[in-house]
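Engineer: In case you want the letters, here they are:
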Amino acid sequence: MLKVEHISFSYNSKRILNDIDFEVKRGEFFAIAGPNGAGKSTLIKMIGRLLEPDKGDLYLDGKSFRLYKPKELAQKISIVSQNPSYAFIKVEEFVLLGRIPYFSAFQFFEKREDRKAIEEALVMCDAGHLKGRYMNELSGGERQLVFLAKAISTKPKLLVLDEPLNGLDISKQDAILSLLEKMRSEFDLTIIAVLHDLNVASEFADRILLMKSGSIFKIGKPSAVIKEGIVKELYNASEKVKVFDNPFSSNPFVCITR
Amino acid sequence: MKSVVKLVLLVIFILVSVSVSLSSGDSGISLFNFINALSNSGVDRVILFDLRIPRVLLGFFVGGALGVCGVMLQALFRNPLTEPYTLGISGGAAFGAALAIVFGLGRFMAFGGFVGSLAVVFFVYLLSIKNRVVDISKMLLIGVMVSFVSSSLVLFMMAVSDPVKLHRIVFWMMGSLQWPNRFAVVLNAISSVFVLIVGIFLSWNLNAISVSEEDAVYLGVNVESTKKVVFFISSLAVGIAVAFAGIIGFVGLVVPHFFRLTFSRDHKFLIPLSFFGGGSFLILSDALARSLFAPVELPVGVITGIVGGIVFIWVLARSRWVFNA
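From first to last, the protein sequence lines stand for chains V and W.
Heads up, the first sequence is in the numbering used here, so the first residue is 248 and it goes up one at a time.
Heads up, the second sequence is in the numbering used here, so the first residue is -6 and it goes up one at a time.
FYI, nobody ran anything at the bench for these hints, they're computed from the structure.
Since this is a predicted model, take the numbers as computed values, not measurements.
Glycine included, C-beta positions come from ideal geometry on N, C-alpha and C.
Watch out, some of these pointers could steer you wrong.
Unchecked claim - Some chain V residues judged to face chain W by a derived CB distance under 7 Å, without partners named:
no., residue
1, 297
2, 300
3, 317
4, 321
5, 326
6, 336
7, 344
Unchecked claim - Listed below are the simulated EDC-like cross-link pairs for lysine to aspartate or glutamate, each with C-alpha atoms no more than 16 Å apart in a straight line:
no., chain 1, residue 1, chain 2, residue 2
8, V, 261, V, 308
9, W, 261, V, 357
10, V, 302, V, 319
11, V, 337, W, 259
12, V, 402, V, 361
13, V, 318, W, 207
14, W, 261, V, 299
15, V, 316, W, 217
16, W, 131, W, 259
17, V, 316, V, 299
18, V, 318, W, 217
19, V, 402, V, 366
20, V, 337, V, 389
21, V, 378, V, 340
22, V, 489, V, 421
23, V, 250, V, 275
24, V, 402, V, 444
25, V, 465, V, 270
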């Protein structure tokens, strides 16, 4: 579905991404992990067309990003950035912004289908009760649900999330991950998520891309890439970091011992 | 309060502003005489058609342009203190006008103001653009700095001018709607209506950008084009307004915030509201400036500052509003 073909990117003469090449299949939950400064968020910005690669190209359904009109691509790819901004507006108005890719240049008012899409997205994200409230009055978990509702109101094929669980307690993380699973099965959605927590990636992702210093370090199924040696080398971690099989799921589990 | 009620109140405010402005002034045409003046010939009719109506129209279009440009720039900069003059437009205009006065070209004062404002804005734009991308925070800082430099140059010219020229510069800088010739009215009407229409067309882009520039790109909004169009049309419209009415502060700052607080943050409503609200607020302020200490006419900026400031503080204190949550 998404093909990232040998892309490189430099900023102020510093190489940020170096020959990144991978493909994400339709319906896949694809995680991206790696240490801070590995270039994960820059890669997300490339997928969102905020940045253009110096070399290489990106393709969606076999068509180069360069051949898509911005709104046409925005209808297919929804991105929830790392620390999404919000404003002093009502949840409903905020989610409506997700329909902008469908608005024509001379359209002033949203259509009935836009209203329907935001209602459905809010219900899907269990945020219907929040729609009359202001964004700044919500808790972190509620806000994350609204960000997802905005993203899903676009009815994308590909949902890209940059650290969606950041700052959330375990029950909110559970709620968001369950929601992502539900969206995936109901909408045949492909998900790319930058995840700091390797255990979440291990449990939920079909494949994981590990990045280090702007390059691909490893890519593959969780059982193939989350191995003690790989994790230690990736993060320059000490002997205290151990990987063993999660007794509940048999997936790799990373922990720090004393 | 329901939106319909608020809208009715706004229409009443516009009608009251126009009526008060048409009937107030030195020669005091009362509302009753005003009706007669419309149908009869005589001094009242001359005052009404040659002085009052052009003045009201000029004030309305200048105020409307300042209101719309204020909304658009605040959305673009995501900064509550941004106003149409922030980018150095006022400083440049004052410098151009002062230069014309000092060199004995007082007749070309408006033209000097217009050229000065555009020159400064162009300079700010050139310094803020890198790789065809406008750096908004850099532009804001450069604009403020250029404003300071040009204002200081104006002070320098005032210091070396003779008293007559000094008086002209000071009076121009305080802002006034005293010279509403037909050309000024027509030009301001065209520019303010143009900026209103373009602003409405850009309202969804502004809705997205006012929340986050990055997320607006992800939504397929052409952020760079929007920035350039807003910057260009605002500079032109405010340059024209300043050229004929001088520097009238506060309208472009307070009016957009007032409607954001009381009506909506949605730019498809906010832009037309600020146009009509800004226009009415300025003509009402002008009417007060003419009548409060008649026959002495106060600079209209004094009224916009005092009345606008007090009303705005009152509304702000009662609201739950945060500009950038």
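Engineer: Each hint should be assessed against the structure and marked as holding or not.
Structural biologist: Verification of the supplied hints:
1. 297: holds, 5 Å
2. 300: violated, 15 Å
3. 317: holds, 4 Å
4. 321: Holds. Min distance 3 Å.
5. 326: holds, 4 Å
6. 336: Where the cut-off is 7 Å and the nearest Cβ of chain W is about 5 Å from residue 336 of chain V, the hint holds.
7. 344: holds, 6 Å
8. V:261 with V:308: Roughly 31 Å separates the two Cα atoms, so the pair is violated.
9. W:261 with V:357: holds, 11 Å
10. V:302 with V:319: Not satisfied, since the Cα-Cα distance of roughly 23 Å exceeds 16 Å.
11. V:337 with W:259: This hinted pair holds, its Cα atoms lying about 11 Å apart.
12. V:402 with V:361: holds, 11 Å
13. V:318 with W:207: Given that 16 Å is the threshold and the Cα spacing comes to 14 Å, the pair holds.
14. W:261 with V:299: Roughly 31 Å between the alpha carbons, so the hint for residue 261 of chain W and residue 299 of chain V is violated.
15. V:316 with W:217: Holds: residue 316 of chain V and residue 217 of chain W sit about 15 Å apart, inside 16 Å.
16. W:131 with W:259: At roughly 26 Å apart (the allowed maximum being 16 Å), residue 259 of chain W and residue 131 of chain W break the hint.
17. V:316 with V:299: holds, 14 Å
18. V:318 with W:217: Holds - the C-alpha atoms of residue 217 of chain W and residue 318 of chain V are around 15 Å apart, at most 16 Å.
19. V:402 with V:366: holds, 12 Å
20. V:337 with V:389: Given pair residue 337 of chain V, residue 389 of chain V holds - Cα atoms ~13 Å apart, limit 16 Å.
21. V:378 with V:340: Holds, at roughly 8 Å.
22. V:489 with V:421: Status violated; Cα separation ~24 Å.
23. V:250 with V:275: Judged against 16 Å, a Cα distance of about 13 Å means the pair holds.
24. V:402 with V:444: Judged against 16 Å, a Cα distance of about 27 Å means the pair is violated.
25. V:465 with V:270: Holds - the C-alpha atoms of residue 270 of chain V and residue 465 of chain V are around 13 Å apart, at most 16 Å.
Against the hints set out earlier in the document, violations occur for numbers 2, 8, 10, 14, 16, 22, 24.
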